[in-house]
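Use the sequences and the hints to build the structure in full.
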Amino acid sequence: MPDIQPASPALTALRGGLIAALIALAAPAHAEEPATDARWVSDSLNTYVRSGPTDGHRIVGTLKSGQKVSLVTNQGNYSQVRGQSGDLVWILTSDLQAVPGQSERLPQLDAQVAELSGQLKTIDDSWKNRVQGMQETLDSRKALIDELETRNKALNEQLEQSQSSLRDTQARLGDENKQVMMRYMVYGGSIAGAGLLAGLILPALTRGRKRNDRWF
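Residues -31 to -1, 1 to 185, numbered by mature numbering (1 follows the signal peptide of the UniProt record, and there is no 0), are exactly what the sequence shown covers, in order.
Read the hints as simulated data drawn from the structure, not as lab findings. Remember, it's a predicted structure, so these values are computed and weren't measured experimentally. Don't be surprised by glycine CBs; every beta carbon is placed ideally from N, CA and C. This list has only true hints and no planted wrong ones.
The following label-pair restraints were derived from C-beta to C-beta distances: (1) Lys111 x Thr91: 26 to 36 Å; (2) Gly102 x Lys122: 23 to 33 Å; (3) Asp115 x Leu135: 22 to 32 Å; (4) Val149 x Ile114: 44 to 54 Å; (5) Leu78 x Leu117: 52 to 62 Å; (6) Lys33 x Ser95: 43 to 53 Å; (7) Ser131 x Asp108: 31 to 41 Å.
Set out below in structure tokens:
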């Protein structure tokens, strides 16, 4: 009997769903409405910051990609933020995002990947155990079927032998019945012949005795 291969569409779909979930977690959500004043510098660049909310204000430094800042206010295309040093600077609003940067999200994503990988391994192990159990069940059923077929074959042979013995016994009984009937016929004929003979002899003897009685 061929081994059963664990090829499950449900398992494949689950794997695809886990991968899609990881991709969704990794993608930055620019369109999300911010829930707090926390902001992060865009992952795509290191950006200059200025002393005021226009391009005409002087550059006073840079912020690193993924760095966390606090939003203070918005004006035009610029946002005023407070850096980790506590300084207030202005940065293009388009250079900010409302979700943590890759460097901050990476450990969390790694943990989620490890968790999902563990779940996937558990599913794989469970499926393998299930398939192994099904294979063992099929093997035991096949062994039982083979045993029943062997017993059925033996019973059929015993039945054929019993039927053959019965036919032989019936034939012998038929012969014995014929022999008994022949004996009964012979015995009956003998008795009938003896009775007939006695019926012929006794009257003759009786007549002879009567004649002898007349002479005396």
